[in-house]
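Take the given structure of chain A and dock chain B to it, following the hints.
Protein chains: 2
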Amino acid sequence: MLDLSALKFDQNGLIPVIVQDFSTNEILMLAYMNKESIDLTIETGYMHYFSRSRDKIWKKGETSGNFQKVKALYLDCDGDALLAVVEQTGVACHTGNKTCFFTNIFGEDKKSEVDILFKLIETINDRKK
Amino acid sequence: MLDLSALKFDQNGLIPVIVQDFSTNEILMLAYMNKESIDLTIETGYMHYFSRSRDKIWKKGETSGNFQKVKALYLDCDGDALLAVVEQTGVACHTGNKTCFFTNIFGEDKKSEVDILFKLIETINDRKK
Chain A
38 MLDLSALKFD QNGLIPVIVQ DFSTNEILML AYMNKESIDL TIETGYMHYF SRSRDKIWKK
98 GETSGNFQKV KALYLDCDGD ALLAVVEQTG VACHTGNKTC FFTNIFGEDK KSEVDILFKL
158 IETINDRKK
Chain B
38 MLDLSALKFD QNGLIPVIVQ DFSTNEILML AYMNKESIDL TIETGYMHYF SRSRDKIWKK
98 GETSGNFQKV KALYLDCDGD ALLAVVEQTG VACHTGNKTC FFTNIFGEDK KSEVDILFKL
158 IETINDRKK
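Sequences listed follow chains A and B, in order.
Residues 38 to 166 (my numbering) are what the first sequence spells out, left to right.
Residues 38 to 166 (my numbering) are what the second sequence spells out, left to right.
Bound conformation, chain A alone (with noise of 0.2 Å):
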């Protein structure tokens, strides 16, 4: 079991987590887990996170099919924030979008030189399964 003595739970016994796909470095989404869920996570090497509006533990994937490997967990410098980084199956959000985040509220749509790389190596991978 993994020393989670580190980290620093909110009052509520949960931590944000950062999803970055492994891929890409594309962040996925931001999720919540308790102490139950990191565990979970270590023993069985899939994503396992609190949900807040369904008040329990739900492994990611579990109803999708969409199921997140973990590869590395990386905690902040203060103890209160996590960063996951996994091989995402399919996509990470529920409406269907590769990430969560595909709102644009401001600024331009980031398409850096980086992110047509990005593609570029998604594609070729794609291509060598």
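Please note that the accuracy of each hint is not assured.
A pair holds if it fits inside one copy or across any two, identical chains being indistinguishable in the list.
[What the hints assert, rightly or not] Calculated pairs, DSS-like style, for lysine-lysine (alpha carbon to alpha carbon, straight line, at most 27 Å): (1) LYS45 to LYS93; (2) LYS135 to LYS45; (3) LYS106 to LYS96; (4) LYS165 to LYS106.
Honestly, the hints are just simulated from the structure, not real lab data.
Same frame as chain A, but now just chain B:
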């Protein structure tokens, strides 16, 4: 002024914001914003946050000089998390690290082929300056 009606702030009037580097797609930090700090960010073009520990608005870089120029803001599918894409001056973390998420607590430290490309692109961009 930006229409913030789609944003769901928590009971303290805050919304978490994932901060991502525009050039490398690296995740720099997780912070919190209130309505006023979002307005200040849009007005000035530089990231402003709400500090929960100091209970006040701060402009990122106001003491360190490590400002964050906002390139774009995204809202997630259920309206309760933001993603800010920024041009980071210097490093994001007060520890001197580029990112606040430098502590690997599980899995192997992420060094995908994409990361190597990031570093290459960053080096090329730095040399252009």
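Numbered hints the structure breaks, given as an ascending list: Violated hints: none at all, because every hint is consistent with the structure.
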